[in-house]
Every structure is written in C-alpha cells, then in structure tokens.
Amino acid sequence: MGTRLRRLVAAALFALVAAVTTPALPAAAGTAADYPEFPYPATAYNEAHRGQFHFSSRAGWMNDPNGSFWYRGRYHLFYQHNPHGPAWDTMHWGHATSPDLVHWTQLPIALEPGVHAGDLWSGNGVVDTANVTGLKSGADDPILVFSGTDGATIHYSLDGARTFQTYGGGRKVAVPAGTSRDPKVFWHAPSRRWVMVMWSDGGGNGADFFTSADLLNWTWRSRYAAGWFFECPDMFQLPVDGNADDQRWVLTDASGEYVTGDFDGTTFLPRTAMRRMDHGANDAGGTFYAGQTFLGDPRGRVIQTAWQPAARGSVWSGNLTFPAELRLRTGPDGVGLTRTPIDELASLRSGTVTIADRTVTPTAPVSPAAADTYEVTAVFDAASATATRFGLRLHTRADGTYDRAVTYDRAARTLYGAPLAPVNGRVSMRVLVDRGQLEVFGGDGALSVSDVVRFDSAPGSQGMQAYAEGGSVRLVSLRFDRLGSAWGTEESTLTGNLAGPWAATGGTWTDVAGGKQGTATGDGFYLSSTVAGDGTYEADVRLRDAAAAGLTFRDRYTANVDAAGLVKLWRPGRDIATYATPIARDRTYHLRVVAAGSRLRVYLDHGSTPVIDAEDGTYATGRAGANVFAGTAVIGNVNLGVAGFATNLAGPWHPAGGTWTAPGDGVHARASGDAFYLSGTTGTDFTYEADVRPVNGVAAALTFRATADASQHYTANVDTSGVVKLWRPGRDIAVFPTPIVAGRAYHLTVIAAGARLRVRLDGVQVIDAVDSAYSAGLFGLNVFDGTGAFQNVRVGAAGLR
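Residue numbers (our numbering): 610 to 1410.
No lab work stands behind these hints: they were computed from the structure. Yeah, the Cβ is synthetic: ideal placement off N, Cα and C, and Gly gets one too. Treat the hints with care, since some could be wrong.
Claimed, not checked - Ranges of calculated distance between the beta carbons of each label pair, as one might list FRET restraints:
no., residue 1, residue 2, range
1, 1021, 852, 28 to 38 angstroms
2, 1183, 723, 49 to 59 angstroms
3, 1282, 798, 41 to 51 angstroms
4, 1318, 1188, 17 to 27 angstroms
5, 738, 992, 48 to 58 angstroms
6, 781, 1282, 26 to 36 angstroms
7, 1173, 1109, 29 to 39 angstroms
8, 1194, 1140, 31 to 41 angstroms
9, 1108, 1188, 27 to 37 angstroms
10, 986, 853, 25 to 35 angstroms
Could you build all of it, start to finish, from the sequences and the hints given here?
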C-alpha cells in the first residue's frame, strides 16, 4: 500500500498531526555505499503509549506488514516504513526478526529507495528452498520479495535477508489492467506452481491471479471481481473445524473482509458471502488494516498481523496487532474465521491470579490485581444474569474512573459493540492490554476487535475490575496475567555468533550502523552470555575519540587497539604485552585472539603471524564481548570460532579508502568511488584468485601489482552493468561483456606472466591482454561505488615476495 486516493482521509489527517507535533527529516533516497541503513536513535522502547508486546518500529512511520515468513529459525517481518520521521513519506521496507513472533529485533533497512528500483510499496516475501529461480549462490536459499504499483517488481536476497538486490533492473514481472498494487505470492501444492494475487481496479475492484514455475516469469490466469475487495490481498488455505478432508481457501482484503471458497491453482470460486474478521476501525486511519499472514510457520499454523494506523507515540507512529492464529470454524452463521493470540504469548506471563465462582454486582466488583500491561480471560454466566451489562473495566483508579470498559450488553448481545451470542448460556472474553493497544477476543476467537487506547500508565491508574450494571452476574472464572516487555532480547546491529542477552558493565552502549557504539569515561564493557575458554575470538574495532577499544574474552582479558600507537593485551592489574604500530581514528581494525590454555595470541588485520604471543594463566574461562576506554568507539562482528577470512596472503592488510569489515564469512567492503584493501604480500608473476560478490552498487574486484596507496595497480572486476573488466588508472585494458547478477559470488582468477594478463570468470578465460605498466606490487581487493564481499583469496607461489 502507498499513498491512497481513496479511504485515506483519516490517515492523511493523522500524518499531518504527526508531522506538525514531531519534527522530522524527510525520507530520502540512499546510496549503495551506505546500504543497509540503520538510522534510528537509541530507544529503550519505554516511551508513553509504546506497546510492550505489540511490534512498532524503533522510530519513524510504519504501515503495512509486507514480507512475512519463517527462515532457518527466525520469523522475518518486513513493513512499509519511513525511518526518518513519524509521517508517511518515501517508502522503505523496514525489517525485524524474531525466534517466536513475540520478541522482535529491528534490523537495518531491507529495501531502500535509490538502491532498489521502483516505488517500494506493499507486497510480500517467499523463500525459494528448491532454487527454482536458479539464483542461489552460497549457503542461503534465495529469498524473494515482491513490491510495487501498477505491476510487481522483484527484489531478492542471497545472504539470508541481510541485503537485497533488484531483479532484472526493476522490470515489472506481472502487470494487471488498471491501477494495481500489493502482490501476495504463495505456493499451490496441487498444481505445483507459485501463485500471485494482486489487487487491481481494471474494470472495478478485484484480484488478478498469475502463476509461475520459477518465481521470475508470470502468466495471467484469471480475475475475481468484487466491489468490496480493496487492496492488500492475502490468500491461504485452512481446514474447516480441523478436518483435513474439508479444506477451503480464504481470500482477504485490507479491511479484513474475506470470503471462503475453492481455488484450483488458476481460478477462485467463492462459497460464502463476504464477512469481516475483525470489528475494529477497519480503514487506513483506524485500528486494523492490511493484515498479512506468515508463510512457512514450522508448526503449520496460519498466523496474521495487521497494521494499527491510529497508534502513535513521541518518535514512532503505527504498530502491529499481536500475532493471531487463524482458523475456520462452523458457527451459527456458517463457516467463518476465528482469531486467537498465538500460544507464544505465554513467554511474557507472570503474576498469575485466578478467581472462580464469584457474584459480581454494581456495588461489589471483583478486582483481582493491578498492572500496566496484562491479559485477562473471563467467563460469565449470561443465562442466570440479571445485570443488563457486565464485563471488564481496564486501568481503573481509586476515584472510580477508568480508561476503557469491555462490556457485554445482554439485550443487544454484543461484546465491545460487536455481535456475540452466548455459547451454552455463557460469554467468554479475553483481552490483551498494552500501553496504547487493546485487543478483545470473544467466543474462543469467533469475535475479534482490535483497538487503540492511550492507557494511563501511572501507578494509580493500573487497576482492573470485573463489573456489572443493573443487576448481578456470576463470574464463572477469571485469569489475570501480567505481561512483560518483549523488547531488548537480541542485538540490532552487533552481528556475530555470541549468545545474548548482552549486558553493559560500565559505559553506555547504543546501536549504530556497523555495530555497537560504546562510550565510557574509564573502562566500559559490553558482555555476551557466551562463556568460553579456549577458542578463536574476533571483532572489528573502530576508534572515534576513545583512547582505546577492543575485544574482551574470558571475562577479564582484553586485546585492544590504542590511539597511542599500540595493540595491547591486558587484564586487570597487568599489561601482558604490547605491539607498537600506528593506530588511526575512524578506521576499522580487525582483531583476532587465539586462546589455548595460558597461551594468548593476538593477530591484527588478518595477519598470518601474531603481533602478540604471550603467556598468562590467570583466567581459564569467562564471557566474551567488547571494551571501550576513555571515549567513544564502535565494535562490530564479534564472533567465536568462525571460519573467518580465508587467505594465504600475509598481512596485516590495510585499507586505501572505504570501510572494510570481517563479519565471519570473509571480508566485506563499502565505498563511494574506488576503495582498496591491500595485503602485505607482493608478487610479480602468479595465479591470483578469489570468490568475489558485488552485493549492491557497481563492481567488486581483485587488485594486483599495486602500490601501498593504490595510486598504481591492476584491477580485474565484475561489474553489474554486465562486464568483466581489466583496468589500471587511466586505461581500461580489456572488457568482456557478460551478465553479472548482483548478490551472486563469482570466482575470479588472474594469471600474470610478465606483460601478459589473463582473467578467468568461474573457470572460463574471458580476457587475454598485454600491458607492461607495472611489473610487481601488492595483492589486494577493490570495491567501486557500493558494497562487496570477498572470500577464499589465494595466490600461487610463483613470483611471491
């Protein structure tokens, strides 16, 4: 969903209010050199009305949930997003992951205007586990997301959704008639094809169906036309009453309207009239809109979240409903959807209070407990009740006032204003109360109402009552559970394989692009929950104005880079060893420690020999993490026992432009213009090879026969414009046209013999040229105007010095 010419009056007014009340920078197109972006200010997710178990973005505007799927132990959530302010503006795709659909961690931007083609509006994502696209390159399955208006555009990831590239230059792969948007793609097992359903208004509102065998080439198949059907379609299959032999397809739109029916892989035939799954304010300024289900849930469930547009806070606007499992159940009105909060909510519960068989009267309400965020499940006996109205009062105060009542009206047979008939004379209700969000479920999910309520979280306003009006009602049972915060369990930008939660011991630690930023007047530590002894520890370290920063292991040992011109290994009370070398600010250094018993070795910038080799047996085991001393520094990519950067070239390596990091699977680079990373090895004639991956931007390359400042060099690159090129400053020596796919790893080989220079691409010779400008020099790597990744960098022995 993007800007809407209809049904957006409320959202437009809200956006205007948000823009006026909260200063914001406009969203802007980024560049490949700073992708992926992480622009957010620090937050403890504690602002007024910020949901403690409802997902919201760290800052900025969010609307529709987009690609929602499970992949290798994580649920991925993408969403429409302006990270630079709380009003709708140039759309990005935000990204968050969770192990359980409850505890979310926001990650850097997934799709960014200026980097990814097209208008990055709503869509969804799938995992190509069978590699039908043929895009796979490396260990991860291709992940594809579909977005755009007036036709669908594909963006894909080959690194587990950390970064994305645009497919085919942004060409539209499926284009319905009229205005169209919001593609949803899913697998249809009986026909063994992928299906895309997209809203369009060609001839009136409706859904267009396309199919594909490879996720890249799509064929139009049919159209379902319905005047009520407006934008953000979703489609999924469910058994009726749990009966696997009675499966039906459900087609939904943005407002939570839906029909059930049959789908043969090309055509949808409804069997029921349109119904509504949620009775909140179902519009783009309300409390429930643009719901989307997750694909690939490992338990086979169909789980949905929806956008709550009216929710807003001081630095953020919009959040999602709590994930709900959808089922089809036969009721008095036929087959319909039910919505119930997922079981994983139990991970937040504490302070349980239960009550049974109590009579509630106007003068004798039942007050089980008080809390700021909580869940209440209650069953009332409506058959014996004399009360005209009864239910739950939320956030009550000593003066009798309260913030909201969830009321059952016996005469109207409504719960919270929505129809609900008693079942066997009883009315059940379940409420989730968050700081700015309220969700009401009745009749075991037959009724769902999502709302936005700005609860007063002051200590004196956290009561809760079961109440009655105009008579009495028997409270059959009530369960009250406090619900804790779901935030802060994992790291947003500090990547690595060390287990959380992490804890600060001294200093202030915040998320920034590229890692964790620590600031301390003396020593500050940020320690993981990983306890280890012997092993190989690694991290990237960048001094801002700090005197020193580094890698901590076994709780007490630290290897750091020191602005005084040192690499130092120390523990409390002793400087174990130092190594003198120039240390520059705002340059990233890679530290590696190999700990084996009392022997501690420190390596700098992928050097093949340690700069420190010392003995100290004081500590045998402990936690691993990061350290900063007397100022500010950034530490990233903290790993234990990873494969690391595989190379037989001597170090230390040094940069000539750009930012070079080691996330555990090789070396990564980002730069505007040309940037080089140079080893300590010189060669004349040789075979030089590596796996080279242009992630985003223009080119990634092997550099050889270079000077230390890279003012002179040869470079052989893969260029996403569609060439392999051999060049040196001032001259393109040779060019070979061939498709180059961004995100894919290519094996480049250079064979240098005097003036003869040959280049192989994936084992096939593509360039054979002569140039005698440089006869010897350093080996290195290059990236141009974007981001790149490099691994398995090796050179043959001939001509090495």
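Worksheet item: Cβ-Cβ distance between residue 1282 and residue 798: within 41 to 51 angstroms?
Response: About 49 angstroms separates the Cβ atoms of residue 1282 and residue 798, which means 41 to 51 angstroms holds.
Worksheet item: Could one say that the CB atoms of residue 1173 and residue 1109 fall in the range 29 to 39 angstroms?
Response: Roughly 33 angstroms apart at Cβ, these two residues keep to the hinted range, so it holds.
Fill in: Cβ separation of residue 986 and residue 853, checked against the hinted range 25 to 35 angstroms
The hint (25 to 35 angstroms, Cβ to Cβ) holds, given that residue 986 and residue 853 are roughly 29 angstroms apart.
Worksheet entry | Consistency of beta-carbon spacing, residue 723 to residue 1183, with hint 49 to 59 angstroms | 51 angstroms, holds
Item to complete: Can you let me know if the beta-carbon spacing of residue 1021 and residue 852 is within 28 to 38 angstroms?
Response: At 33 angstroms between Cβs, range holds.
Item to complete: Could you see if the CB distance from residue 1318 to residue 1188 stays within 17 to 27 angstroms?
Response: Holds, since residue 1318 and residue 1188 (Cβ atoms, about 23 angstroms apart) stay within the stated range.
Practice prompt. For residue 781 and residue 1282, compare the CB-CB distance with the range 26 to 36 angstroms and indicate the outcome.
Written response: 32 angstroms, holds
Worksheet item: Does the Cβ-Cβ separation between residue 1194 and residue 1140 fall within 31 to 41 angstroms?
Response: Once the Cβ atoms are compared, 33 angstroms apart, the range 31 to 41 angstroms for residue 1140 and residue 1194 holds.
Item to complete: State, for the Cβ atoms of residue 1108 and residue 1188, whether the hinted interval 27 to 37 angstroms holds or is violated.
Response: With a Cβ separation near 31 angstroms, residue 1108 and residue 1188 satisfy 27 to 37 angstroms, so the hint holds.
Practice prompt. Just tell me: holds or violated, for the beta carbon distance of residue 738 and residue 992 against 48 to 58 angstroms?
Written response: 52 angstroms, holds
Consistency with the previously given hints is maintained throughout, with no hint failing.
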